[in-house]
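Trainee: Construct the complete structure from the given sequences, taking the supplied hints into account.
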Amino acid sequence: MSNITIGIADLNVARPPDVLVTYALGSCVGICLYDQVAKVAGLAHILLPQSSQIPGNNTPMKFADTAIPMLMVKMQAMGARPNQIK
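Heads up, the sequence shown is in numbering that gives the first Met the number 0, so the first residue is 0 and it goes up one at a time.
Hints listed in this document are in silico derivations from the structure and should not be mistaken for laboratory results.
The model shown is predicted, which means the values in this text are computed figures rather than measured ones.
Among these hints, one or two may not hold up.
Here are the simulated DSSO-like pairs of lysine-lysine, each with C-alpha atoms no more than 27 Å apart in a straight line [said to hold, decoys possible]:
no., residue 1, residue 2
1, K38, K85
2, K73, K38
3, K73, K85
Mentor: Structure follows, in structure tokens:
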């Protein structure tokens, strides 16, 4: 088992027995997704809701509207199915 640390404006996916962790959420939002059938989990540490708030920003994981789709793609690459993700 290993802890996979998710930093600020970061995301990652894992399967058991690995554990996803993040620190210092503060005013940020942690988005946790899980496919119980495929046993694939995803975690994103998000700062702001929309990427349009900071035009030209090159950190898509900072924003909910771009990070969540990225997280879904990474989870699907590990075998998760969109209709099973909660």
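Trainee: Are the hints correct? Go through all of them and say.
Mentor: Okay, the hints, checked on the actual structure:
In summary, the hint linking K38 to K85 is supported, as the alpha carbons are separated by about 12 Å, within the 27 Å threshold. Between K73 and K38, the direct Cα distance comes to roughly 13 Å. Compliance with the 27 Å bound is thereby established for this hinted pair. Restraint check for K73 and K85: satisfied, since their Cα atoms lie roughly 15 Å apart, inside the 27 Å limit.
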